[in-house]
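S.K.: Residue numbers (our numbering), protein chains in the order written: chain A, 1 to 344; chain B, 1 to 240; chain C, 1 to 291.
Hints are computed from structural coordinates only; laboratory data are not their basis.
Among the hints, erroneous ones may be present.
[Said to hold, decoys possible] Subject to a maximum C-alpha distance of 27 Å in a straight line, what follows is the list of computed DSS-like cross-link-like pairs (lysine-lysine): (1) C:LYS163 / B:LYS134; (2) B:LYS110 / C:LYS163; (3) B:LYS128 / B:LYS110; (4) B:LYS157 / B:LYS110; (5) B:LYS157 / C:LYS88; (6) B:LYS132 / C:LYS163; (7) C:LYS163 / B:LYS74; (8) B:LYS157 / B:LYS222.
[Said to hold, decoys possible] One side of the interface only, derived from the structure: several residues of chain B facing chain C at Cβ under 10 Å: (9) GLY15; (10) LYS74; (11) ASN87; (12) GLY104; (13) GLY140; (14) MET153; (15) LEU168; (16) ILE172; (17) ILE230.
Remember, predicted model here, so these are calculated numbers, not experimental data.
Quick reminder that beta carbons are idealized off the backbone N, C-alpha and C, glycines included.
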Amino acid sequence: MKRNRMGLIALIAVVAAVVYPFVFSSTEATTIVFYALLYVAIASSWNIIGGFTGYISLGHAAFFGLGAYTIALVADHLGIPGGYGLFLVALLGGVVAALFAVPMGFIALRLRTIHSFVIVTIAYLFMFQLLAFNLLGVTNGSSGLAIPQPNWSGAFFNMPFYFAALVLAVLTVLLAYWIRNSRFGLGLLAIRDDEDKAAGVGVDTWKHKFAAYIISAVPIGIAGAIYAYFSSYIYPQTVFDPMIDLTIVLSAFLGGMGTLLGPILGAFILQPAQQLLTFYTGAAGWDLVLFGVLFLVVILLMPSGIVPTIVERTRRARVREAVQKADETVPTPDANPAAGGGPR
Amino acid sequence: MSEILQIQGVFAGYGGGDILRGMDLNLEEGTITCIVGPNGAGKSTVMRVVSGVLHPRRGEVRFLGERIDQLSPKQILETGIVQVPQNRSLFPAMTVEENVRLGGYILNDKQLMERRLAEVAEMFPIVKERGKDKAGSLSGGQQKLVEFARGLMLDPKLVLLDEPSMGLEPRILGQVFGTMVEMCRRGRTILLVEQNARQGLESSDRGVVMESGRVLLDGPAKDVLADERIGDLYLGGHVH
Amino acid sequence: MNLVFGSVVLGILSGGIYALMAVGLTLSFGVLEVINIAQGMLVVVGAYLSFALESYWHIDPLLGLLITIPTLFLLGFGIEWAFLRPLKQDRVALSILVTYAVALILEGLMGLWFGDNFVAIHAWYVDAAINVFGLYIADIYLIGFALAIVLLGAVYLLLYRSKFGAALRATVQNREAAVLIGIDVQRISTLTFAIATGLTAAGGMLFGATTAFNANSMLDLISRLLMIIILGGMGSMGGALVASLIMLVSVDVVSVAYTPTWSTFVFFALTVVVMVVRPQGLFGAPPARKV
Ligand SMILES: Nc1ncnc2c1ncn2[C@@H]1O[C@H](COP(=O)(O)OP(=O)(O)O)[C@@H](O)[C@H]1O
Ligand SMILES: [Mg+2]
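All chains, full assembly: derive it from the sequences and hints.
M.R.: As structure tokens, then:
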């Protein structure tokens with residue numbers, strides 16, 4: 001029954017997302033949700049390694065940038081014009097990201113401690129940024145690259161991008177859902193709980209982490225390519241941007257790390273907030289300050305994220321109700337509600 | 001004989017529900033009491049409550065008649081209780097002597113520190129013999145003895161030993177338990193937790209069986225040892 | 001040949017300065033088990049403070065340290081007390097987010113106050129140079145290296161010759177045992193973070209006197225500093241020093257002998273390769289047992 005209800009809510013959400021651009025068709029309205037959807041995909045995908053296993057990667061923006069450069073370079077070299085065809089090329093961004101993820105994951109995951117893993121992933125991002133700056137012959141360095149633009153006009157321009165982001169978001173969430181409910185996902189969660197114990201009960205922790213790392217690169221690579229196509233021009237510092245990683249982790253965290261709903265919620269709160277903030281403060285520095293403050297307040301008030309906090313509160317409220325009911329009938333001084341299992 | 005430690009109706013946990021649920025235990029001065037029980041019963045949690053690392057949610061702990069359940073670990077050390085924890089607890093990159101001296105971290109009297117060091121070294125020759133070696137280079141059994149030595153730097157009245165035999169070769173268990181008995185003979189009260197229940201109980205005066213955060217059985221060690229219900233608990237309590 | 005020799009010398013001198021910036025990072029990791037992403041930004045804040053003192057009130061940057069070090073000490077104290085201490089669960093993830101947020105706030109504030117133009121700290125010894133065996137070296141590098149050695153030496157003495165240092169090392173090596181012998185681990189943590197941040201003021205002044213910077217420099221800095229402490233072995237002070245020297249010497253030599261464009265990349269790549277062979281870094285303990 002509960003599962004059906006969740007399914008229904010998901011269906012309603014998707015329908016709402018499909019209808020939205022027809023109701024609010026202004027460029028501003030579709031752009032905001034386009035970015036939110038893109039980040040739903042990115043954060044949900046990151047969550048497969050970062051949230052499920054607890055290996056916080058701060059370098060997944062490297063895959064975003066790889067996807068972005070892939071679409072720019074392929075379109076340029078094969079002379080593909082702007083149009084629907086470029087969305088197929090965007091898929092290549094995911095493939096390239098996965099190919100790079102193999103050696104990157106191999107090295108970073110050898111490091112046993114999560115701290116070193118985090119740092120090496122940060123290093124990855126900066127290495128790719130340096131490469132993009134320095135490989136002048138390929139990337140055009142700091143002058144950046146243009147992506148051919150379609151000749152869609154007016155308010156319609158955003159539509160194909162919007163739906164591409166929506167499809168990517170839905171597929172990524174489904175992927176995460178499927179993993180979360182598979183044996184593979186169970187192994188990942190066990191690793192987050194206690195890696196040694198997971199290994200002790202027979203989880204091949206290395207294979208699990210490695211696979212999760214590679215899988216999580218793919219949707220982000222595609223998202224990077226869609227982003228590049230949408231923004232028409234890319235620079236090393238805009239696509240290999242540490243802020244992207246921060247936004248990913250914060251979205252996943254804000255909603256609730258390791259939950260399915262968390263990254264979706266987080267992206268939908270954070271993306272619009274970030275854009276409005278930049279819009280109203282003019283990016284002079286106040287946007288950073290406000291963003292930082294917001295983020296500190298949330299972390300300190302809700303250290304486990306929105307979804308787990310709400311789940312926990314409602315569970316407690318329910319238990320309290322149940323205990324009260326029990327008290328009315330049979331007084332049980334020894335009722336010990338707090339000993340149940342945690343939220344899923 | 002008087003009661004040195006009284007634990008009464010203690011409820012305590014780590015934030016996710018109570019681990020100890022109505023724990024009661026009184027210790028006679030100058031005796032060795034051994035707690036046995038399955039893994040996860042809350043034995044170490046009892047130790048942590050007594051040493052002040054964890055504060056009980058309900059109930060009280062008295063030491064020599066005074067409430068200690070809301071004191072900090074440092075204040076509890078000052079009252080005369082020392083805990084030797086379950087895992088290896090030496091500072092591996094420091095020398096044996098530095099480790100033992102750190103046992104007297106809260107002492108501010110230099111002369112007292114030197115005197116205690118001499119006393120401890122007399123009881124534990126290894127403190128002098130391997131004094132300049134890194135603690136991490138000692139064998140497991142040697143490390144345990146140094147941990148005991150470190151614990152005695154404050155001349156405690158009550159010593160909490162959490163599974164001192166864990167991970168040690170059977171060959172040196174005798175020495176470890178022998179040292180414990182010797183500590184008791186010199187006037188200290190000892191609360192011991194042991195997975196290795198037979199050997200633990202054999203060296204003790206009193207035996208306490210814990211399960212699910214409560215005391216299940218409490219009596220003279222040899223009676224507990226003879227109780228046939230103990231056999232079942234072993235099976236529940238062994239990891240391997 | 002002479003050029004390469006010169007770059008080695010310069011690399012060693014600036015390596016000392018980087019060690020001063022990195023030591024705070026490795027100390028707070030060791031004691032608090034926190035990766036302080038704000039470290040790069042704290043360097044920049046230290047640099048801006050010295051810059052402001054010098055350009056508004058004409059206070060010599062070296063003398064100004066008497067003001068900037070205590071100021072950053074207090075800032076570090078506040079950050080630990082307000083933002084790190086409350087983190088109980090998920091410390092790895094949360095501390096990264098929290099310190100990243102602190103970095104953003106400071107970056108925003110510095111940008112608001114000082115704009116985004118690149119600035120550099122001036123003093124007579126920044127602009128003067130002396131001739132060492134036919135090699136011209138700006139005085140600031142010699143002064144910076146000397147200052148770094150003095151301060152790192154002071155940290156060493158604090159760690160290995162004081163009661164506070166013994167408590168600090170004990171906390172690093174076994175937290176639970178440290179609590180059980182009566183060490184107030186929280187107090188040690190706050191003080192360590194404050195001291196680490198205070199030292200960063202000196203690193204920041206030297207950074208600002210040897211490099212033009214703006215608020216955005218923090219990204220470049222934090223990536224380099226993280227590479228240094230991971231190469232040296234996280235939590236190891238000696239490791240941080242050696243890794244700083246390796247980094248700066250290799251960067252400077254590659255710059256001169258090959259091309260400046262690839263120098264940083266070469267170091268990053270080198271570090272990643274070292275991590276494959278030696279995951280715990282040069283001086284790190286092999287993976288510690290779980291406590
Ligand atoms: N630091 C901790 N945080 C959360 N739970 C803990 C912690 N230490 C122990 N526990 C839990 O408390 C229970 C009892 O643990 P413990 O007292 O160590 O048992 P014992 O020593 O009898 O084996 C176990 O279920 C364990 O998972
Ligand atoms: Mg135990």
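S.K.: Could you run down the list of hints and mark each one as holding or not?
M.R.: We went through each hint and held it up to the structure:
1. C:LYS163 / B:LYS134: Roughly 19 Å separates the two Cα atoms, so the pair holds.
2. B:LYS110 / C:LYS163: This hinted pair holds, its Cα atoms lying about 12 Å apart.
3. B:LYS128 / B:LYS110: holds (19 Å)
4. B:LYS157 / B:LYS110: holds (21 Å)
5. B:LYS157 / C:LYS88: The hint is violated at about 33 Å.
6. B:LYS132 / C:LYS163: holds (19 Å)
7. C:LYS163 / B:LYS74: Distance ~16 Å between LYS163 of chain C and LYS74 of chain B Cα, so the pair holds.
8. B:LYS157 / B:LYS222: Given that 27 Å is the threshold and the Cα spacing comes to 25 Å, the pair holds.
9. GLY15: Holds, about 8 Å.
10. LYS74: At about 4 Å, which falls below the 10 Å cut-off, the nearest Cβ of chain C leaves the hint on LYS74 of chain B intact, so it holds.
11. ASN87: holds (6 Å)
12. GLY104: Check passed: Cβ of GLY104 of chain B comes within 8 Å of chain C, closer than 10 Å.
13. GLY140: violated (12 Å)
14. MET153: Holds - the Cβ of MET153 of chain B comes within 10 Å of chain C, reaching about 9 Å at its closest.
15. LEU168: Violated: closest Cβ of chain C sits about 16 Å from LEU168 of chain B, beyond 10 Å.
16. ILE172: violated (20 Å)
17. ILE230: violated (30 Å)
Hints 5, 13, 15, 16, 17 from the list above are not met by this structure, while the remaining hints are.
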